[in-house]
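For the sequence shown, my numbering assigns the number 235 to the last residue and increments by one with no breaks.
Some hints could be false.
For each label pair, taking beta carbons as the anchor points, the in silico distance ranges come out as [claimed, not checked]:
hint: 1; residue 1: G6; residue 2: N30; range: 28 to 36 Å
hint: 2; residue 1: G31; residue 2: G2; range: 38 to 46 Å
hint: 3; residue 1: G81; residue 2: A49; range: 26 to 34 Å
hint: 4; residue 1: G218; residue 2: D125; range: 47 to 55 Å
hint: 5; residue 1: G13; residue 2: M186; range: 40 to 48 Å
hint: 6; residue 1: D125; residue 2: R191; range: 48 to 56 Å
hint: 7; residue 1: H1; residue 2: S118; range: 29 to 37 Å
hint: 8; residue 1: A215; residue 2: S101; range: 48 to 56 Å
hint: 9; residue 1: A215; residue 2: S112; range: 42 to 50 Å
hint: 10; residue 1: A78; residue 2: S112; range: 20 to 28 Å
hint: 11; residue 1: R19; residue 2: A120; range: 29 to 37 Å
hint: 12; residue 1: L227; residue 2: Q64; range: 39 to 47 Å
hint: 13; residue 1: G97; residue 2: S224; range: 31 to 39 Å
Read the hints as simulated data drawn from the structure, not as lab findings. We put the beta carbon where it would ideally sit given N, CA and C, even for glycine.
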Amino acid sequence: MIEARQLVKVFHGHKRGTVRAVDGVSFIARPGRILGLLGANGAGKTTTLRMIATLLTPTAGTAIVAGHDVQEEPQIVREKIGFLTGSTALYGRLTAREMVEYFGRLHGLDGSRLDARLNEVFSELEMESFADGRCDKLSTGQKQRVSIARAIVHRPEVMIFDEPTTGLDVMTSRTIMRFIEKCRAEGRTVVFSTHIMSEVERLCDEIAVVHEGRVVASGTVDELRARTGLSALESVFLQLVGESLT
């Protein structure tokens, strides 16, 4: 469902000069499974996911999403994906319902079809109690549910989560993790980036370890443990990226 093919992203004019943020990243994500991109901050995870989501244009390489090339058919790719980050901004003056309705219309939903889908999503995410509350008055957890709702209102086949629990409390993080697990159970393709080891162990069927813009190792948690001879995932990660264990 997702195939990254030697993705490269170079930023010019950066304060550090030319930066090669992503340097030949390749991986495959399959339906009904969660692929985790595991790496430290600045490893290139977010840039990779933004290229797959068509928010950034690759310098080289490409990605295929649900059979469509992100460079040749970006609009079709956008119709196939839902994208959620831990820092998604909302329009504060809109209510939760207006916010999700707006994104539903962007994806071509209208009339009774849109109304039915809004009711379905708000029920699924237990949002009825604050559906008519303005986004700038909602709690952090409620805002994140609005972000989820707008990401799934068009029933995407592919879900991309870019460190979605960053800055969230334990209860809200648990809600996000349960939703990611639900996406897998529904047979969607899920790509999930994080630097939190407990999230990887709970959620990911397969892992791609990203370091300095490259995938340095990939496989299941058990496969990576066998490869390194270590059991603690933090130690496995450190060895794979060439860092000292002490």
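Consistency of the hints with the structure:
1. G6 / N30: 28 to 36 Å: For G6 and N30 the Cβ distance comes to about 20 Å; the hint is violated.
2. G31 / G2: 38 to 46 Å: violated (18 Å)
3. G81 / A49: 26 to 34 Å: violated (39 Å)
4. G218 / D125: 47 to 55 Å: holds (51 Å)
5. G13 / M186: 40 to 48 Å: At roughly 25 Å between Cβ atoms, M186 and G13 fall outside 40 to 48 Å, so the hint is violated.
6. D125 / R191: 48 to 56 Å: Roughly 32 Å apart at Cβ, these two residues miss the hinted range, so it is violated.
7. H1 / S118: 29 to 37 Å: violated (48 Å)
8. A215 / S101: 48 to 56 Å: For A215 and S101 the Cβ distance comes to about 54 Å; the hint holds.
9. A215 / S112: 42 to 50 Å: holds (44 Å)
10. A78 / S112: 20 to 28 Å: holds (25 Å)
11. R19 / A120: 29 to 37 Å: This hint holds: roughly 35 Å between Cβ atoms.
12. L227 / Q64: 39 to 47 Å: Distance hint for L227, Q64 holds at roughly 41 Å.
13. G97 / S224: 31 to 39 Å: violated (48 Å)
When the structure is compared with the earlier hints, violations turn up for hints 1, 2, 3, 5, 6, 7, 13 and for no others.
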